[in-house]
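Asks: Spelled out, the chains give:
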Amino acid sequence: DVVLTQTPSTLSATIGQSVSISCRSSQSLLDSAGNTYLYWYLQRPGQSPQLLIYLVSNLGSGVPNRFSGSGSGTDFTLKISGVEAEDLGVYYCMQATHALTFGSGTKLEIK
Amino acid sequence: VQLVESGGGLVQPGKSLKLSCSASGFTFSSYGMHWIRQAPGKGLDWVAYISSSSGTVYADAVKGRFTISRDNAKNTLYLQLNSLKSEDTAIYYCASLRLATGYWGQGVMVTVSS
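Protein chains in written order, with this note's numbering: chain R, 368 to 478; chain E, 0 to 113.
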């Protein structure tokens, strides 16, 4: 099974600060057709997860452009350029190249 | 798109429960569907998947105990949970995870306790 390792597990940021979250996979997420099915979700307190980024670097519908994704193969990063109060919650990476697995999550706290 | 789960509750270890997920706002029969769970205070854990043609895949932790199914005429997804264990206690979400979008229900709580 593919294991996704997210770091850090907790992140504390001030409003306006830029932060990054890492997601490392135990196997390459590049499939034979050249696609990389790596996604980023945000789960706000008491809510269901919502899609932020799809296919490594594509912004989901309605997602602010302060969010960006990058990476390839086994190493991926979510960056928030200028944290806002509404960004607090738990961020998960998810891969769908080899069945479906989630990272362990990164909790973003606002200082 | 709307996904609404139901059927959760408190159940004793070893017993069974059947969850439902009512879908609307899209052509249900055209899409694969997932069940994903989240234990209290924990992360997301994929449970099962059913394709549009009703092929199924399960996580090892539930294989042989849980059964995913669908009724396209009723636009409804199901999860039959048998031989429940305390570690199955979680919020269960149904989800339609597509190439560029992801739709999740609000979740339904299943508590396994004597």
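Keep in mind that a hint or two might mislead.
Unchecked claim - With a straight-line cut-off of 20 Å between C-alpha atoms, the simulated EDC-like cross-links for lysine to aspartate or glutamate are: (1) Lys41(E) to Glu451(R); (2) Lys446(R) to Asp398(R); (3) Lys84(E) to Asp44(E); (4) Lys62(E) to Asp368(R); (5) Lys62(E) to Glu86(E); (6) Lys474(R) to Asp454(R); (7) Lys474(R) to Glu86(E).
What the hints assert, rightly or not - Distance ranges between label pairs, derived from CB positions: (8) Arg433(R) to Asp70(E): 28 to 34 Å; (9) Ile382(R) to Val3(E): 33 to 39 Å; (10) Lys446(R) to Asp70(E): 38 to 44 Å; (11) Asn71(E) to Gly383(R): 32 to 38 Å; (12) Ser393(R) to Ala99(E): 35 to 41 Å; (13) Ser437(R) to Ser21(E): 34 to 40 Å; (14) Ser21(E) to Gln394(R): 31 to 37 Å; (15) Ser437(R) to Ser50(E): 42 to 48 Å.
Claimed, not checked - Partner residues are not named here, just some residues of chain E that face chain R (Cβ under 7 Å, in silico): (16) Gly6; (17) Gly8; (18) Leu9; (19) Gly40; (20) Trp45; (21) Trp103; (22) Gln105.
Keep in mind that the hints were calculated from the coordinates and are not lab data.
Quick caveat: nothing in here was measured; it's all calculated off a predicted structure.
Positions of the beta carbon are idealized from the N, C-alpha and C atoms, including for glycine.
Asks: Would you check the hint for Lys62(E) and Asp368(R), treating anything up to 20 Å between C-alpha atoms as holding?
Replies: 15 Å, holds
Asks: Decide if the proposed pair is consistent with the structure: Lys446(R) and Asp398(R), CA atoms, cutoff 20 Å inclusive.
Replies: 24 Å, violated
Asks: If I claimed the Cβ atoms of Ser437(R) and Ser21(E) lie 34 to 40 Å apart, would that claim hold in this structure?
Replies: 38 Å, holds
Asks: Should the hint that Arg433(R) and Asp70(E) are 28 to 34 Å apart at their CB atoms be regarded as holding?
Replies: 42 Å, violated
Asks: Please work out if Lys474(R) and Glu86(E) have their alpha carbons no farther apart than 20 Å.
Replies: 23 Å, violated
Asks: Given the proposed pairing of Lys41(E) with Glu451(R), does the C-alpha separation stay at or below 20 Å?
Replies: Roughly 24 Å between the alpha carbons, so the hint for Lys41(E) and Glu451(R) is violated.
Asks: Taking the CB of Ser437(R) and the CB of Ser50(E), does the distance hold inside 42 to 48 Å?
Replies: Given range 42 to 48 Å: violated, Cβ gap about 31 Å.
Asks: Holds or violated: is there a CB of chain R closer than 7 Å to the CB of Leu9(E)?
Replies: Result: violated, 21 Å to nearest chain R Cβ.
Asks: At the C-beta level, are Ile382(R) and Val3(E) separated by a distance inside 33 to 39 Å?
Replies: The hint (33 to 39 Å, Cβ to Cβ) holds, given that Ile382(R) and Val3(E) are roughly 35 Å apart.
Asks: May I ask you to test the hint 31 to 37 Å on the CB atoms belonging to Ser21(E) and Gln394(R)?
Replies: Taking Cβ atoms as reference, Ser21(E) and Gln394(R) lie about 36 Å apart, which means the hint holds.
Asks: Hint validation: Gly6(E) versus chain R, beta carbon distance must be below 7 Å. Holds or violated?
Replies: 17 Å, violated
Asks: Between the beta carbons of Ser393(R) and Ala99(E), is the distance compatible with 35 to 41 Å?
Replies: For Ala99(E) against Ser393(R), whose Cβ atoms are near 25 Å apart, the range 35 to 41 Å is violated.
Checked against the numbered hints above, the structure violates hints 1, 2, 7, 8, 11, 12, 15, 16, 17, 18 and 19; every other hint is satisfied.
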